[in-house]
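Trainee: Turn these sequences into a full structure, and let the hints guide you.
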Amino acid sequence: AQSVAQPEDQVNVAEGNPLTVKCTYSVSGNPYLFWYVQYPNRGLQFLLKYITGDNLVKGSYGFEAEFNKSQTSFHLKKPSALVSDSALYFCAVRGEYNFNKFYFGSGTKLNVKP
Amino acid sequence: EAGVTQSPTHLIKTRGQQATLRCSPISGHTSVYWYQQALGLGLQFLLWYDEGEERNRGNFPPRFSGRQFPNYSSELNVNALELEDSALYLCASSPDGLRGANVLTFGAGSRLTVL
Chain A
1 AQSVAQPEDQ VNVAEGNPLT VKCTYSVSGN PYLFWYVQYP NRGLQFLLKY
51 ITGDNLVKGS YGFEAEFNKS QTSFHLKKPS ALVSDSALYF CAVRGEYNFN
101 KFYFGSGTKL NVKP
Chain B
1 EAGVTQSPTH LIKTRGQQAT LRCSPISGHT SVYWYQQALG LGLQFLLWYD
51 EGEERNRGNF PPRFSGRQFP NYSSELNVNA LELEDSALYL CASSPDGLRG
101 ANVLTFGAGS RLTVL
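Line by line, the protein sequences give chains A and B.
No gaps in the numbering here: position 85 of the first sequence is 85 in my numbering, and each next residue is one more.
No gaps in the numbering here: position 61 of the second sequence is 61 in my numbering, and each next residue is one more.
Calculated directly from the structure, the hints in this document are not laboratory data.
Even for Gly, the Cβ is constructed at its ideal location relative to N, Cα and C.
Check each hint, because a few of them may be wrong.
Unchecked claim - Label pairs and their in silico Cβ distance ranges: (1) A:Pro18 - B:Glu75: 39 to 47 angstroms; (2) A:Ile51 - B:Arg67: 25 to 33 angstroms; (3) A:Gln45 - B:Leu83: 26 to 34 angstroms; (4) B:Ala80 - A:Ser28: 35 to 43 angstroms; (5) B:Arg67 - A:Arg42: 33 to 41 angstroms; (6) A:Pro79 - B:Gln18: 46 to 54 angstroms; (7) A:Asp9 - B:Gly3: 23 to 31 angstroms; (8) A:Pro79 - B:Pro61: 44 to 52 angstroms; (9) B:Arg15 - A:Thr20: 40 to 48 angstroms; (10) A:Ser3 - B:Lys13: 31 to 39 angstroms; (11) B:Leu83 - A:Asn41: 32 to 40 angstroms.
As the list claims (entries may be wrong) - Selected chain B positions facing chain A (Cβ under 8 angstroms, derived; list incomplete): (12) Leu90; (13) Gly109; (14) Val114.
Stated by the list, open to error - Derived list of chain A stretches under chain B, where covered just means 3 residues or more per stretch with a C-beta under 8 angstroms from a C-beta of chain B: (15) 32–42; (16) 45–59.
Mentor: Below is the structure:
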């Protein structure tokens, strides 16, 4: 079965501190991994993706994510959080063989306090 | 380039009525996906259309239906509305399904409230 888990419903960080939003996955074959961000009453915006290559992927707004095959994880990171980063973050995965099925995690609410 | 556009932004209906939501994909995208995001829940996959055909549907009752037009725009119809259908309905498009490195591009959503 293919699935995505975001173990934290909410993450709280102070502005200027590093942030991590966790994601683990289960998929057949090689994973295609994605992070999306959702601001209040808005659709999802694409942040970054891992298809192949370097395990560290850089995306929009200074975000990056690290693919770890042995731990089946794809954690989202940012060295210095901004208050404007406060939003709902979704991890998503699709499998190499079942490429038309996109599985989303339940979302993690990131709160960045000034 | 215009993004994925959805209409209406907000829709208020009463129980038992029908709702119709519309989506225009990015130019050149042939696949349209519908998701439901109810309060406190993640994204639940509803329907996938490609080249005018329904290719897959999620675990939703038949009163959720839709279609894709020759210009690749799409409609989502919800019949016999129930209170729990209140949600943000998100449309996404991609070129030619999700092959390779294609990603989903989402619209801003249509907020359906059922009273």
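Trainee: Going through the numbered hints above, which ones does this structure break? Give me the numbers in ascending order.
Mentor: Violated hints: 5, 11, 14; rest satisfied.
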